[in-house]
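Chemist: The lines below spell out each chain.
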Amino acid sequence: MANSIERPLDLLNNSKGKEVLVHLKGDKQFVGTLLAFDIHINLVMDNVKQMEDGEIKKSLGLTFLRGDTIIYISPASTALK
Amino acid sequence: MANSIERPLDLLNNSKGKEVLVHLKGDKQFVGTLLAFDIHINLVMDNVKQMEDGEIKKSLGLTFLRGDTIIYISPASTALK
Amino acid sequence: MANSIERPLDLLNNSKGKEVLVHLKGDKQFVGTLLAFDIHINLVMDNVKQMEDGEIKKSLGLTFLRGDTIIYISPASTALK
Amino acid sequence: MANSIERPLDLLNNSKGKEVLVHLKGDKQFVGTLLAFDIHINLVMDNVKQMEDGEIKKSLGLTFLRGDTIIYISPASTALK
Amino acid sequence: MANSIERPLDLLNNSKGKEVLVHLKGDKQFVGTLLAFDIHINLVMDNVKQMEDGEIKKSLGLTFLRGDTIIYISPASTALK
Amino acid sequence: MANSIERPLDLLNNSKGKEVLVHLKGDKQFVGTLLAFDIHINLVMDNVKQMEDGEIKKSLGLTFLRGDTIIYISPASTALK
Amino acid sequence: MANSIERPLDLLNNSKGKEVLVHLKGDKQFVGTLLAFDIHINLVMDNVKQMEDGEIKKSLGLTFLRGDTIIYISPASTALK
Numbered sequence: 707m708a709n710s711i712e713r714p715l716d717l718l719n720n721s722k723g724k725e726v727l728v729h730l731k732g733d734k735q736f737v738g739t740l741l742a743f744d745i746h747i748n749l750v751m752d753n754v755k756q757m758e759d760g761e762i763k764k765s766l767g768l769t770f771l772r773g774d775t776i777i778y779i780s781p782a783s784t785a786l787k
Numbered sequence: 707m708a709n710s711i712e713r714p715l716d717l718l719n720n721s722k723g724k725e726v727l728v729h730l731k732g733d734k735q736f737v738g739t740l741l742a743f744d745i746h747i748n749l750v751m752d753n754v755k756q757m758e759d760g761e762i763k764k765s766l767g768l769t770f771l772r773g774d775t776i777i778y779i780s781p782a783s784t785a786l787k
Numbered sequence: 707m708a709n710s711i712e713r714p715l716d717l718l719n720n721s722k723g724k725e726v727l728v729h730l731k732g733d734k735q736f737v738g739t740l741l742a743f744d745i746h747i748n749l750v751m752d753n754v755k756q757m758e759d760g761e762i763k764k765s766l767g768l769t770f771l772r773g774d775t776i777i778y779i780s781p782a783s784t785a786l787k
Numbered sequence: 707m708a709n710s711i712e713r714p715l716d717l718l719n720n721s722k723g724k725e726v727l728v729h730l731k732g733d734k735q736f737v738g739t740l741l742a743f744d745i746h747i748n749l750v751m752d753n754v755k756q757m758e759d760g761e762i763k764k765s766l767g768l769t770f771l772r773g774d775t776i777i778y779i780s781p782a783s784t785a786l787k
Numbered sequence: 707m708a709n710s711i712e713r714p715l716d717l718l719n720n721s722k723g724k725e726v727l728v729h730l731k732g733d734k735q736f737v738g739t740l741l742a743f744d745i746h747i748n749l750v751m752d753n754v755k756q757m758e759d760g761e762i763k764k765s766l767g768l769t770f771l772r773g774d775t776i777i778y779i780s781p782a783s784t785a786l787k
Numbered sequence: 707m708a709n710s711i712e713r714p715l716d717l718l719n720n721s722k723g724k725e726v727l728v729h730l731k732g733d734k735q736f737v738g739t740l741l742a743f744d745i746h747i748n749l750v751m752d753n754v755k756q757m758e759d760g761e762i763k764k765s766l767g768l769t770f771l772r773g774d775t776i777i778y779i780s781p782a783s784t785a786l787k
Numbered sequence: 707m708a709n710s711i712e713r714p715l716d717l718l719n720n721s722k723g724k725e726v727l728v729h730l731k732g733d734k735q736f737v738g739t740l741l742a743f744d745i746h747i748n749l750v751m752d753n754v755k756q757m758e759d760g761e762i763k764k765s766l767g768l769t770f771l772r773g774d775t776i777i778y779i780s781p782a783s784t785a786l787k
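Protein chains in written order, with my numbering: chain E, 707 to 787; chain G, 707 to 787; chain X, 707 to 787; chain S, 707 to 787; chain Z, 707 to 787; chain U, 707 to 787; chain A, 707 to 787.
Just chain E, same shape as in the assembly:
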């Protein structure tokens, strides 16, 4: 998957339909299936769960996440294994 990445958004494109970890400012963490993104890094994810210390804190289902609160997005985090 790393081979096909020439621009940062390529990783998000490759991750559509897959589970990703999203870490926000203020240390909020969400895990869910990436459905859509735009150039502001606004995301829509499905089956979203807010995580805290490795536990599910809240189930949000389908969710719109505003890009400007995001620190990182990882489709390969150990948090997903």
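Think of the hints as simulated: they come from the structure by calculation, not from any bench.
Honestly, I wouldn't trust all of these hints.
From the derived model, a few chain E residues whose C-beta atoms are all more than 10 Å from chain U [as the list claims (entries may be wrong)]: (1) Gly723; (2) Glu725; (3) Val737; (4) Lys755; (5) Met757; (6) Asp759; (7) Ile762; (8) Lys764; (9) Ser780; (10) Ser783.
Covered by chain A, according to a simulated footprint, are these stretches of chain U (three or more residues, beta-carbon under 8 Å) [claimed, not checked]: (11) 715-727; (12) 775-783.
For glycine and all other residues, C-beta sits at the position ideal for the given N, C-alpha and C.
Start from chain E and add chains G, X, S, Z, U and A according to the hints.
Modeler: Just chains G, X, S, Z, U and A now, kept in the frame of chain E:
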């Protein structure tokens, strides 16, 4: 609903007239019926209630919410069930 | 009033000449009559009163409020009843 | 004065040459005569005094205030009476 | 000097070659001779001294100050007298 | 490597395929192989490890890092030796 | 050096190849040789050392510094003498 989402704003469009949970920076939460949004994610919601620990803290009725304070918007949160 | 809202700014337009509650970052609250707004959500209000715990803290009269500090604007808040 | 306001900047235009109260983020307060402003709400004021609890804390004289730190500007505040 | 000011940047232009007080977010204060500025309010000052409680805390000499951290610039502050 | 740098992004271009240290606001540190970047300094890195006091805190693998949270990027930090 | 400065970026241009002190928000300080900068005040510096209370805290070598975290840049600070 997830099938028809190609861009993040599609989720907001699909949620018009429906109840959504809006979570703001500073951990304010609002529940209400989504009436309108724009590309800045400014929202107008009706029958808005500010929530705290699952309880209604304040009734706001018709309300304009500024987009840049929003973290996420979920039409499917367990908080709505 | 909710029926005529297609874009978020429609609510502000409908609220001109009426009393609104404006809630700012840092939890400042102002009540006053909305006279004017622009696309940055800069507002001018008349007969402005800064509220704290439901009490008038300060009378400001005619006031220009900068849009980027606003969280929400409600013409229908229970705080106005 | 309120009658002639159609856009927010009209209030600033009407206030040129008059004393205004400017309240900044971090709760700094300045009182002075408004000389000039631009669309970023950058201001130049004359005879500026920084206020604290209704007392003059510091005299600044002629001062340039950067717009992005401003919360509100009131030409009619009770603080000016 | 106040008479010739029609736009906020006129004050900065009039202050070139003169000593000014610059107050930053986080309450840092710098005194020095204004050499140059741009529309972002980026400044270059010479003989810059960082002040704290009216005392020189550090001598910086020639310094570039980024505009977005500035709260106010006063060529007439009592701090300069 | 320093000789070929005329613009800041040249350093990021020269660092593609190499290990870099990325330091974020809030003092988060990440080490990984730089794969891609854009003009917003959004990054994609591979084999990412979040570091704390010189220890690996979390393995993230392939990760998208949003540019606006970055303070510095160093391909030559002693933290990498 | 002060004589040739008409715009703020002239100081950065004059400082290429020379040692500068860079002070960031959050009071981080870096000393190093300025190699490159752009209009966002993104910098590349060589032989970078992070300073704390006048002591070297960390050696970073060649480093990209993001412009929006910078408060000031001084090629003439007493901290460099």
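Chemist: Each hint: holds or not?
Modeler: Here is what the structure says about each hint:
1. Every Cβ of chain U is farther than 10 Å from the Cβ of Gly723(E); the closest lies at roughly 16 Å, confirming the non-interface assignment.
2. Distance check for Glu725(E) against chain U: the nearest CB is about 13 Å away, which clears 10 Å, and the non-interface claim stands.
3. Look at Val737(E): its CB is around 13 Å from the nearest CB on chain U, clear of 10 Å, so calling it non-interface holds up.
4. Even its closest Cβ contact with chain U, about 18 Å, leaves Lys755(E) beyond 10 Å, as expected for a residue assigned away from the interface.
5. Separation of Met757(E) from chain U is adequate, the least Cβ-Cβ distance of about 13 Å exceeding the 10 Å criterion.
6. The beta carbon of Asp759(E) sits about 12 Å from the closest Cβ of chain U, which is more than 10 Å, so the claim that it is off the interface holds.
7. Here Ile762(E) stays apart from chain U, with its beta-carbon at least about 18 Å from theirs, past the 10 Å limit.
8. Once the 10 Å rule is applied to beta carbons, Lys764(E) is consistent with being away from chain U; the minimum gap is 21 Å.
9. Annotated as non-interface, Ser780(E) brings its C-beta within 10 Å of a C-beta of chain U; the closest such distance is 4 Å.
10. A cut-off of 10 Å between C-beta atoms contradicts the statement that Ser783(E) is not in contact with chain U; the least separation is 5 Å.
11. For a cut-off of 8 Å, the count of residues in the segment 715-727 of chain U with a CB near a CB of chain A stands at 5, and the three-residue condition holds.
12. Residues of the segment 775-783 of chain U with a Cβ under 8 Å from some Cβ of chain A number 8, which satisfies the need for three, so the listed coverage holds.
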